[in-house]
Structures are given as C-alpha cells and as structure tokens.
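Residue numbers (this note's numbering), protein chains in the order written: chain L, 1454 to 1903; chain B, 1454 to 1903.
One or more hints might be untrue.
Identical copies look the same in the list; a pair holds intra-copy or inter-copy alike.
Unchecked claim - The calculated DSBU-like cross-link candidates involving lysine-lysine, where the alpha carbons are at most 35 Å apart (straight line), are: (1) LYS1524 / LYS1762; (2) LYS1824 / LYS1836; (3) LYS1524 / LYS1824; (4) LYS1479 / LYS1824; (5) LYS1684 / LYS1727; (6) LYS1727 / LYS1789; (7) LYS1479 / LYS1762; (8) LYS1836 / LYS1524; (9) LYS1684 / LYS1789; (10) LYS1836 / LYS1789; (11) LYS1727 / LYS1762; (12) LYS1836 / LYS1727; (13) LYS1684 / LYS1762; (14) LYS1824 / LYS1789; (15) LYS1684 / LYS1524.
Please keep in mind that the hints were generated in silico from the structure rather than gathered at the bench.
2 protein chains.
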Amino acid sequence: MTTIDEFLAANLDHYIAELSELCAQKSISARNEGTAECAELVGRLLARHGLSVERFETPGNPVLVGRASGKSARRLLCYNHYDVQPAEPLELWTTPPFEPTVRDGALYARGAQDDKGEFVARLAALDAVRAAHGGELPCHLLFVVEGEEEIGSPTMTQFVLDHREVLACDGSIWEGGGIGPDGAAELVLGARGILVVELSVQTMTRDAHSGGGHQFPSAAWRLVRVLSSLKDENERIRIQGFYDHALPPSALDLALLDTLPDTEAMMREVYGVKQFVLGRTGAALERAVFEPTCNIQGITTGYQGAGDKTIVPAQASAKLDFRLVPGMEPDDILAKLRAHLDAAGFEDVDIHTFGGGMMPFKSSPDSPLVKLTIETGREVYGKPGVIAPMSGGSTPIYAFSGPLGGIPVVTAGVAYWDNRIHAPNEHVRLADFLNGARHVARIMDGFGTL
Amino acid sequence: MTTIDEFLAANLDHYIAELSELCAQKSISARNEGTAECAELVGRLLARHGLSVERFETPGNPVLVGRASGKSARRLLCYNHYDVQPAEPLELWTTPPFEPTVRDGALYARGAQDDKGEFVARLAALDAVRAAHGGELPCHLLFVVEGEEEIGSPTMTQFVLDHREVLACDGSIWEGGGIGPDGAAELVLGARGILVVELSVQTMTRDAHSGGGHQFPSAAWRLVRVLSSLKDENERIRIQGFYDHALPPSALDLALLDTLPDTEAMMREVYGVKQFVLGRTGAALERAVFEPTCNIQGITTGYQGAGDKTIVPAQASAKLDFRLVPGMEPDDILAKLRAHLDAAGFEDVDIHTFGGGMMPFKSSPDSPLVKLTIETGREVYGKPGVIAPMSGGSTPIYAFSGPLGGIPVVTAGVAYWDNRIHAPNEHVRLADFLNGARHVARIMDGFGTL
C-alpha cells in the first residue's frame, strides 16, 4: 500500500492537469462570466473523485456539496469557491489568464491559487488518503464549493442557516493557508468581525455660496463633529457600551502573538509608515489586534476638483468600518452607534449599513483540530508553524462556524507570500501545491480519531 | 440744453445697438476665444465716446484705460470688464448667445448684463453728462476695462500696484449694482476678505487594508482631528490670535443692517435650511456678516465609490476658505494657521494656498461718494435704496482701493435679481439699462463738487 506522500508525488502531474482544466473554465462572478459552466465542471470533478454530489440553487450561483463516508463518525468540512476575480488588466499577463501554463515550476492562471488550486489540492489529498487506507476514508468528508466568494458571499450566511443539517460537521478547513517567507506553515485561528456603515448628513437641499458661511449650516462641519464624537485622541471609541462585551485575549493568545515574526520593519517599508497608531511598536503593535477599531474608509463632501469652489456643502458622508473582537456583535454595535448619535444631538445623521456585517470568529488554540493542523504542518514543512491567534481582517467563517455549533476552523493550503491573487500573473508553485495536498491529507487522515 | 434723462431716453436705441455690437463679439477668457478682438473693439468704443485710450499689455489679456478731463480736479474711476463666461449649455439658449436679440423689453446675449451692458450704460452716462453740460464734464473720468475678471483677475492686483499713478482717483464705481425685488437700488459698501487653503496630510505612501486599522496611521482620522482643532462647537475659531485685528461693525453699520430686507424666509425656502448656523435668526443672522468664518469647501479622502472598500486611507485633504472682516489680512491669518498647526502637533500637515487671498474692503457709509450714490439712487428709482454695509462674499475691490489710497467704492448698475448671468439666456432689461445709465450719470454729475 502506498503512502500519502508517495501517492501525491507520483500523481502530481495528473492533478496539475486537472487544475489546468478547471482554470481554463472562466468563472468571474462579478460579471457572471462562465460561472454556470464552472459550476457544472465542479460537480463533475467532485463526482470523478468518488464524492456523491448535491447541487443547491441559491439566489446567486449554485453551491456544490460533495460528500464521502469514512470509518469514523466524525465529519470534516472543506470550504472552497469556484469563482474568480476579473483578470484585467489583461495586457499585464505574460500568458493569457484562462490559458493555464506551467513555467518556472509554477502554474500560471487566474484562480491557480485562489481558489481553484487549493480546491484541487484537497481533491488530491482525498485521493491520497483513500489510497493510503486501501480505498477507505478515516472520517466523513464534506466539500462545500460556492460560486460567489469574490463578490462577498452574499447568500452564504442564509445558505448555512438553511442547511445546517446538510452541513453538520465537527470541524472545517477553510479557504486560505500555506507558508510564510520562512517556509513554515501559517495558521490563523481567528478573524475580527466587522460592521460597515455610511454616515450621511444633509443640512440643506443644495450647496450655498460660502460668502454665507456665517448663516448656512455646513454638512461638512457637521460630519467632522459627528466623526470627532466617535473616537478620542487615544483611539478610545466613545460610543457608550462599545467595549461591554469585548473579550480580552487569553494568556495563550498573548504567548502565540509574541511568537509571530516581526512585521514592523516590513510595514514601515512597504507602507512608508513613520509612526503607527498611538506610537505602537513591537509586541504592542501585534497585541492591538485584540482591540476593536473604528476606521474611516473615506469621506465625501463638497468640492473636490482642481482649484477651489466657494461653497458651503449641503451634504456629507463617511464610510466607516468597525472591526469587532470576540464577544462583540455587529447588530449590537449598530444599535449603540444609533443611540450615540441620537444622544449627541445627531438625530439627523443617517446610517446606511453594507450588509449585516460579520461576527468575529476564533478557534481555540487548544482545540484538537488546531493542534493536529500545527503538528502535521510541522511534519510537512520541517519546522514549527506560525500561529496567529487572531487576524485583523474579517472573514465569513463565523457564518459557517456559528450556526454549525461553533466548530473549530483551520486553514491549510497552497499559498506562499506572492501568488499575485486578484492581480495579473496569478500562479501556484507546484511544490506548494504538493505540500498543501500533503498537509490537508494528513489532517483528513488524523481527524477521524481526534 | 438737454437734460441727462432727456438725452438718455432719446438715445436708448443707439446704446442698445452699441451694446449689441459689443455682445456679438465673443470674449471668453476661460478659453481665450475672441478676447483679443474684443479688446480691440473696446478700445474703439472708448475712443468713439471721446476718451483718450491707453492699452496696457499684461501677462494675460490687455487692460484698456480711457480717460476724459473735466472741470473739477476730482477723478472718478469706473471699473468694468470685457470678458464673459462660456455660454454652454448652448441648447438652453432661446436665441444664440453671441447673436444679441431684443425681445420682451430685454436684450438677450452672453454679457448683456455681466459686464458689457453695465459698461455701455456707463458710456451712455458719460455722453449724457457731457450733453447736459454743453460738452464739458464736471470731473475727470477714468474707465478701466480688464479682460480676465471671469477667470479671477489673476494679474489685476499687480497691475494696480504697478500703475498707481495711471489709476490715481478719488473714488470709484465698481462692477455690479442695480435694483432688488422691491425696485430700490441696492448698494453694497463692503466685502469680506478671503484666504483659501488646502490642508493635506499623508500618513503612509499607500492605502492599507483596514484589517490593520489598529496599526496603520489613518490620514482620514488625522484630518478630522486637524479640522476639529480649528473651530469649536460655538463656531469660535481656535487659531491663536485669529480675531486680534478684526474690527467690529460701527453703530451706523448695525443700523443699516437692520434696514435690510428680511431674506431669512427666502433662504429657508431656496436652500431648504431648517436651522441656520448657531440657530441664528432675524437681526443676528444679518449681523453675523461681521464675523469671520472658517468654511470647509470640500474634503477628499479614501474610498468614495459605490459600496465600501476596507482601507485605511494614506492621504486626506480639505479645502477651506476663511472669510475675513475689516482689519484682518490673509497673510497674517495664513501665518497664524501655520503656527496653530505646528503648536498642535500637526507639523506634517501641508498648507497649499489658492492665490494670495483677498483683503477685506469697506467704504464708510459716511463717505460723500456713498451719500451721493444713495441720494441719486433714490431720485432715479423713486424710493430709498437698500444699503448693505458689508457682504459676506469677497471681491478684489481692495486690490484697487487699497493701493489707490483707500478710496471709497460704490456700485451703480443695470442688474435686477434674475439676469441669468453665467447661465443660459443672460439678458439685461432695457428699462434697467436706462435707469442704470441715469444713476451713473447723476453720480458723474455730482462727483466733481463733492
């Protein structure tokens, strides 16, 4: 009987061919180009790998679910997506984005890593685990492949709520994952939640001449005052009750944060930062990920062209995002924001939300799935992994994990630090593809007896 | 010997023909279309009316000066401009903008009022005064006609400084002037100065992902804090020394303000204002024109498109205008703004100025020229004029009046409240043209013996 590693090494070309087949099928969800055809292809691929396939229609693109039974009663869910970003600007691609090409040890195509490469590596892992166990699987496997991730998964939250029994599982491997610059596996255990709002204020029905600035109420000044009311000079958010449910990091979280590679110099160089928020540096800079934020994405008011224009603006708006740490909920923060504005005399300020926000998510570093992922990552990559207890950004993981009972979620994938995802010349390195498959196969292998 | 009024009534058609000739000559300074030809024509017109003409080249369009001697040693200067605004959108004109047409008692053409109509009315006034005095003028007259008013008179300030002897005078009739909705002459005695700046701040060399909002310094928040530092909740500007030289209105100024027609209801209706600045109403609303202002013209930062974008903006800027009351100077305020920013820890905030600003200007309500203008206005229009001691906007009058020794400046013209200047279907009503000429002729007539 072959081993996982032998099987994958022997069949790498086959899986790269399969990945090429999938990447050649355009599937741009933003323009609905090729997504229907790609959904069909994904269904065939799942079936080809011995999975029983169900196709779920949604208000958008269909969700494909493939399942296979295993020895243990435990169920592991793999989440991926078959849609990709648009490929423009096309002229910056060395070879066309939908004509997959191998060169210099990598496969170049739109989706080669994000997320088709990762998906096919997991199919390869499935085959390898089966081969290593004489055709049997050690646990039940469930592949969920959606088609609207690149446009924000607008129907996924409802889909999970509506299909809790279909999706029931004991743990999940999420999208993403791979290695960092030092060649060690990176594992992110959590993501902050997010609430995105646009605050708008209108003080007049039209702009007025600024010669009347002593008379006409300015929407620009009103917005500046609204924004000033939200956060003090020390970055403390002044919305009453904002921090009420925010959970602090555990001692283990802090210990993990302190093991992360130092990215301060990189951030200073890449972004030209002279001074970070509140002058943070070193450990404080990493630990602040457990602080919620109130960020201004942009402000729109008045005249913004060349030269000047002597007006008092009638309208002003700001887009804001609040990043929420575990314990906080977007709905609660939205209600508190409204109450804050009303209490401060800003009843006239309108709040528009972009979607319902995202809940924060966190897998415990103590969870057996997390430990398995770390151990197998060390085995595959020959060095201890980099474990981030929390990332500053947000993902819809909670939309899966929450309704499914707070299951632990990990990442294990085929990425490195320069795959050019969402950009020209996206690629996956063949060695990363192989290692990603080896890693996922080991997690599938061990999950049944956790 | 004919009287002023008889002469003008008898020759109205002639002057409307002359005005049509001038309006038919395109002179769009913004695109330099026809300005050279119009300058030539203005020179011929001035000569045709018995003025000795000098043409001054500037870095932009030439300035025409016409002068005529009179009995008294006193010199009255009339300021006008021969350039016009672009005429677009052309399809909204009933008759083409450069094919002057009389209908319904008005001449329609671009420039019919602003400022060619006013200029020709003053030539008519000159002729009428001469006719009423047997060919003599009671005072020296000086016509100054520039060609770049509609693009902000970029070279006029320097021109006046360089030609103080050429332009020497004892008083001036400025552009503008006419009647309000109640048919009484309107006279504005002053204009606030202005300083326009753009404040810019850059905290990074590129936008960062807002997942790093606890780390990356936000230009948007920094700008909000900069702006908040400039003005308190009571509209008090917090720049140190800002109010040091601001002169309060005199008792006469306040008395004049209280005679102005109530525009509050109009402003509420036209601009949809629910509450004016600081809840001002009635007399307080008018009197606030003697307060300097700090207005935000517009703010630019971050993402302003549809939906949202999770970024921490690297750059932010705001255009501001400060309106300055008599006693204040743009250069002084600019220096104090810089000092304020530096003292508040905003040394990194860049200040860009738009031009050198404008000084405030004010003719004393007690000045003999002002009194003459009011008295003659009452005579022509049959009712007391409306005298505003100060307007909220800004004009480059000081650039004339200041270097020429602080001469008094008045307005007397051909406007009513709906001439559509800068818009399609600009026109001057023939009756207003006639009355404007009657008014100016009376001022010319009386100025020699003031």
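Results of checking the hints against the structure:
In this assembly of identical chains, the alpha carbons of LYS1524 and LYS1762 never lie at most 35 Å apart, being 73 Å within a copy and 45 Å across copies at closest. Proximity of LYS1824 and LYS1836 under a CA criterion of 35 Å is satisfied intra-copy only: 15 Å inside one chain copy versus 93 Å between copies. Only within a single protomer do LYS1524 and LYS1824 lie at most 35 Å apart by alpha-carbon distance; the minimum there is 21 Å, versus 105 Å between protomers. Taking the shortest Cα distances, LYS1479 and LYS1824 never come within 35 Å of each other, neither inside one copy (37 Å) nor across copies (81 Å).
In this homomeric assembly, LYS1684 and LYS1727 come within 35 Å of each other (Cα to Cα) both inside a single copy, at 22 Å, and across copies, at 28 Å. Within a single copy, LYS1727 and LYS1789 get their C-alpha atoms as close as 34 Å, and across copies as close as 27 Å, so both meet the 35 Å cut-off. In this assembly of identical chains, LYS1479 and LYS1762 lie within 35 Å of each other by CA distance solely across copies; the values are 25 Å between and 47 Å within a copy. For the identical chains of this complex, LYS1836 and LYS1524 are intra-copy neighbours only, at 31 Å inside a copy versus 103 Å across copies, given an alpha-carbon limit of 35 Å.
Taking identical chains as interchangeable, the C-alpha atoms of LYS1684 and LYS1789 lie at most 35 Å apart whether they share a chain (14 Å) or sit on different chains (27 Å). In this homomeric assembly, LYS1836 and LYS1789 never come within 35 Å of each other (Cα to Cα): the closest approach is 46 Å inside a single copy and 60 Å across copies. Taking the shortest Cα distances, LYS1727 and LYS1762 sit within 35 Å of each other both inside one copy (33 Å) and across copies (24 Å). In the homo-oligomer, the alpha carbons of LYS1836 and LYS1727 lie at most 35 Å apart inside one protomer (33 Å), although the nearest pairing across protomers, at 67 Å, exceeds that limit.
Within a single copy, LYS1684 and LYS1762 get their C-alpha atoms as close as 30 Å, and across copies as close as 21 Å, so both meet the 35 Å cut-off. In this assembly of identical chains, LYS1824 and LYS1789 lie within 35 Å of each other by CA distance neither inside one copy nor across copies; the values are 38 Å within and 61 Å between. Taking the shortest Cα distances, LYS1684 and LYS1524 never come within 35 Å of each other, neither inside one copy (54 Å) nor across copies (71 Å).
Hint violations for this structure: numbers 1, 4, 10, 14, 15, all remaining hints satisfied.
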